[in-house]
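Below, each chain spelled out in residue letters.
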Amino acid sequence: MAEQPLHEHTLANGLRVVVCEDHVVPLAAVNIWYRVGSRHEQNGVDGKSRTGLAHLFEHLMFQGSANVAEGEHAALLESAGATFNASTSFERTNYYETVPVSHLELALWLEADRMGTLPAALTQENLDNQRDVVKNERRQRYDNQPYGTAFERLCRLTFPPGHPYAHTPIGSMEDLDATTIEDCVEFFRTWYAPGNAVLSIVGDVDAQEAIAMVERYFGNIPPGPAAPPPRPGDLEPLTGIRLEEVDEEVPSAAYFAMMTLPSDGGPEIEAAEMAAEILGGGSGSRLYDRMVRRDQIATEVWTGVTRLVDGPSLAIVEAIGPDPARISDVLDEELARFAEEGPTEDEAARAAAQAERGLLERIETVAGLADALSANATQFNDPARTFTAAERAAAVTAEQIKDAAARWLAPGARTALSYGGSK
Amino acid sequence: MTTLIPDFPARPVPGPMPAWAFPTGVAGRIPGGPATLRCDLPGRRLAAVRLVLDAGAGRESTGQDGVAALTARVLLEGTEPGGGTKLAAAFERLGASLHAYTDLAALRVLLDAPVTRLEKALELLGEVLRGPALDDADTRRLVRERLEEIAQEDAAPASRAIRELRAQLFPAGSRPAKHTDGSKESVERLTGEQVRAYYSAIDPSEGTAVITGDLTGVDAEGALAAALEGWRATAAPLPPPDTALPTPGPRLVIVDRPGSVQSYLCVGHGVPGRDHADWPALTVACHVLGGGLTSRLNALLREEKGYTYGMRAGLVRLRHCGIFVAQGAVHTEVTADALTDMLGALRSVLEGVGEGECRAAVSALADSAPSDYETARAVASELADAASAGLGADYPRRYLEDLRAVTADGVTRAYGEHIDQDALTVVIVGDAGKIRGPLEDRGHAPTVVEG
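Those protein sequences? They're chains A and B, same order as listed.
Each residue of the first sequence is one higher than the last, beginning at 1 in the numbering used here.
Each residue of the second sequence is one higher than the last, beginning at 1 in the numbering used here.
The set of hints was computed from the structure by calculation and includes no laboratory data.
Even glycine gets a Cβ: it sits at the ideal position worked out from N, Cα and C.
Treat the hints with care, as some may be off.
Facing chain A, from chain B, some residues (calculated, C-beta under 10 Å) [to be verified]:
hint, residue
1, 24
2, 86
3, 91
4, 97
5, 100
6, 149
7, 330
8, 363
9, 412
10, 434
11, 437
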């Protein structure tokens with residue numbers, strides 16, 4: 001795939017900038033990755049637990065800063081037809097907006113002001129309000145949805161207590177309640193320094209002008225302290241099936257499983273993700289064919305992968321069907337067969353074609369490309385790695401997929417949840 | 001403790017918005033088959049094909065609710081009875097994907113493919129559409145999957161709320177009052193024979209195929225024609241659509257969901273369809289109410305009170321009418337207070353919309369269009385939807401122009417004229433045991449239905 005030229009620059013305060021010109025539509029996407037997520041939170045190891053703080057803090061970033069009044073960030077962007085949001089995951093928090101290119105400087109100014117001066121606008125009232133909002137987010141997305149806490153439960157089963165990945169970004173109600181203004185200020189001072197961030201701009205811009213704008217608005221933000229080294233995230237391979245029977249009102253019995261995969265960026269991740277795709281990625285996959293079409297023990301089955309860099313990547317299998325124990329057995333049969341036979345040439349080719357399609361989807365919008373550039377710059381020090389995703393997948397052989405399946409998707413080695421059904 | 005950024009520049013004043021217009025297409029027709037619309041989008045390497053057929057759930061025969069949706073699903077099983085994963089695999093090999101679904105207005109077929117493999121993907125699509133197997137065994141399996149899906153939808157508060165809203169708003173027994181994809185009772189009776197009969201009655205010449213992407217060097221029309229030529233209806237036409245209109249409230253219905261930690265609030269009212277001159281003004285009214293974080297509902301219920309993660313208001317686009325819906329989930333304990341605030345915000349629009357508020361909403365809706373329609377998929381879906389509603393290929397462009405011409409007074413007038421605050425239908429999905437009393441204390445008389 002043709003690589004689009006990237007322009008890179010690092011400010012004296014450590015902020016790294018990546019710019020990619022894309023003149024198809026008069027838009028500019030701004031995307032900032034801060035290298036902080038839920039894995040950097042305290043979760044009880046030293047007697048203090050502040051799970052959910054990274055995400056709660058993300059909400060506070062929209063409540064104003066030294067030169068931006070409460071509500072003004074949203075008002076300025078909304079009234080310009082901009083789309084904007086932020087998200088918090090295990091390893092990073094990102095903030096992004098797509099604006100008409102006429103509003104690029106305004107977007108940069110807004111991002112710079114909150115990067116430089118967020119605590120100036122932090123009040124107890126804002127914290128209390130956004131804490132309530134986040135608690136309602138937790139209820140809406142997880143607690144009040146059937147199977148809504150499955151991912152959280154699986155992480156708790158997969159990782160030992162206190163492990164950085166044992167809790168998910170939404171955090172616990174208790175820890176959200178316990179969070180103070182001081183926690184938030186300290187969190188900001190520790191993690192929101194320019195040197196811990198990457199800023200990407202993609203769109204109808206002149207690269208040198210865009211970099212000059214970044215210098216103008218971000219250049220005088222003090223460098224701040226270096227981010228503390230993260231706690232190690234490695235995990236021994238899973239052995240046996242660690243099963244939790246979930247006693248929750250759900251519409252149908254179901255079986256959820258989590259398996260660990262190699263970390264992103266290493267030599268094995270591409271093959272491992274393709275193995276997971278062949279196993280359960282859509283209606284052409286092995287698990288779908290076996291469980292839904294042929295045996296009809298499930299009405300739905302799906303496999304997905306969350307790539308992680310500082311810990312193991314995670315594969316999830318979800319199946320809806322009346323007999324979770326039977327689903328578990330059939331999953332083992334299919335895993336054993338896959339490990340032994342490996343994929344067919346056709347399966348490997350299809351997985352590579354899907355990876356190519358995935359790349360096209362990821363980089364076709366200015367926002368998607370900006371996020372990918374920030375991700376690859378933050379995690380691999382190489383924003384251009386964005387463009388090699390398809391060729392990395394195409395280079396994987398059927399033999400490598402077989403090896404990855406045998407090693408990472410072995411039968412009888414996972415954590416699992418069973419909802420209802422026969423016991 | 002906090003210092004300002006030294007020498008931080010003043011807030012930049014943005015220049016004028018850059019020019020942009022919704023892409024135009026070239027219209028054509030496949031002899032005896034669908035109308036076509038080709039739209040070239042430079043740089044878009046993922047092409048999109050959207051085929052809309054005038055075979056939405058609104059045209060199902062009595063007693064066959066859900067047959068349109070089921071037909072769309074069985075279609076994706078391909079050309080061989082029991083063909084298994086063959087069709088899915090064939091599209092995957094191309095890095096392409098095929099989906100199909102129905103709403104009340106149309107049966108929609110969605111093909112996405114890299115432009116380099118578009119012609120091959122279209123060839124496959126043509127084989128499926130001209131000769132689908134529509135096999136009995138596949139149908140039976142997909143009926144079971146659909147029944148499972150109904151159970152899942154009814155367990156999720158938002159989808160349960162919308163289903164109940166339609167049941168309350170539209171006359172009992174009318175097609176729009178019932179779930180587009182059918183109910184448990186109707187779906188479990190559907191057969192392969194009914195699916196085949198439904199498919200054979202679809203008239204391709206009543207449909208439109210939209211194709212978008214960087215089509216430089218691709219004979220899009222030729223490939224479309226080769227794929228779809230010769231495909232004909234082989235049975236009598238489907239009955240005309242059921243165009244029952246929403247009826248006025250007031251109503252307040254609680255869908256009981258014991259143990260719910262939140263209540264899903266959903267307030268609705270019928271409005272005219274997209275062909276009505278007030279549609280753009282009503283869209284702006286919705287944005288003022290629940291379009292973003294600064295909208296009236298979110299400013300009050302989220303940013304001031306912390307009752308919710310977010311509220312939104314919008315218009316549901318049916319072909320023959322529209323539905324105004326304001327909705328969001330609130331903590332169970334504050335349900336009654338939140339409803340009072342929500343209804344108050346809805347009423348507040350009658351007292352007027354500020355000129356600045358109106359301009360901001362218009363800009364939020366119209367100036368986001370270049371970003372909303374950045375992908376070939378988004379452009380194709382919008383054009384196909386306009387076609388399925390009989391609005392014409394220039395509709396998206398006209399709509400954006402009309403939107404920019406909306407005035408604050410026009411918003412207030414249209415909202416007051418079409419949405420009667422004394423005739424709203426309120427649906428709350430939540431724990432009736434906990435929320436009924438507080439609602440009655442505030443003068444409401446809720447009816448409780450089972451979840």
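**OP:** Verify the interface restraint on residue 97 of chain B: the C-beta must sit less than 10 Å from at least one C-beta of chain A.
**Re:** Where the cut-off is 10 Å and the nearest Cβ of chain A is about 8 Å from residue 97 of chain B, the hint holds.
Original post:
Close enough to count: is the Cβ of residue 91 of chain B nearer than 10 Å to one in chain A?
Top reply: Holds - the Cβ of residue 91 of chain B comes within 10 Å of chain A, reaching about 8 Å at its closest.
Original post:
Taking the closest Cβ pair, is residue 434 of chain B under 10 Å from chain A?
Top reply: 13 Å, violated
Original post:
Given residue 149 of chain B as an interface hint, is the shortest Cβ-Cβ distance to chain A below 10 Å?
Top reply: Constraint on residue 149 of chain B satisfied, holds at 8 Å.
**OP:** For the hint on residue 100 of chain B, just tell me whether its beta-carbon gets within less than 10 Å of chain A.
**Re:** 12 Å, violated
Subject >> Hinted contact residue 86 of chain B with chain A - closest CB pair below 10 Å >> reply: Because about 9 Å separates residue 86 of chain B from the closest Cβ in chain A, which is inside the 10 Å limit, the hint holds.
Original post:
Do the numbers back the hint for residue 330 of chain B, that is, is its least Cβ distance to chain A under 10 Å?
Top reply: 7 Å, holds
**OP:** Would you check whether residue 363 of chain B satisfies its interface hint, that is, whether its CB is within less than 10 Å of any CB in chain A?
**Re:** With a minimum Cβ separation of about 5 Å from chain A (threshold 10 Å), the hint on residue 363 of chain B holds.
Original post:
Taking the closest Cβ pair, is residue 24 of chain B under 10 Å from chain A?
Top reply: Constraint on residue 24 of chain B not satisfied, violated at 15 Å.
Original post:
How about residue 437 of chain B: closest beta carbon in chain A under 10 Å, or not?
Top reply: Violated: closest Cβ of chain A sits about 21 Å from residue 437 of chain B, beyond 10 Å.
Original post:
Are residue 412 of chain B and chain A close enough, Cβ to Cβ, to be under 10 Å, as the hint says?
Top reply: 19 Å, violated
Hints 1, 5, 9, 10, 11 from the earlier list are contradicted by this structure; the remaining hints agree with it.
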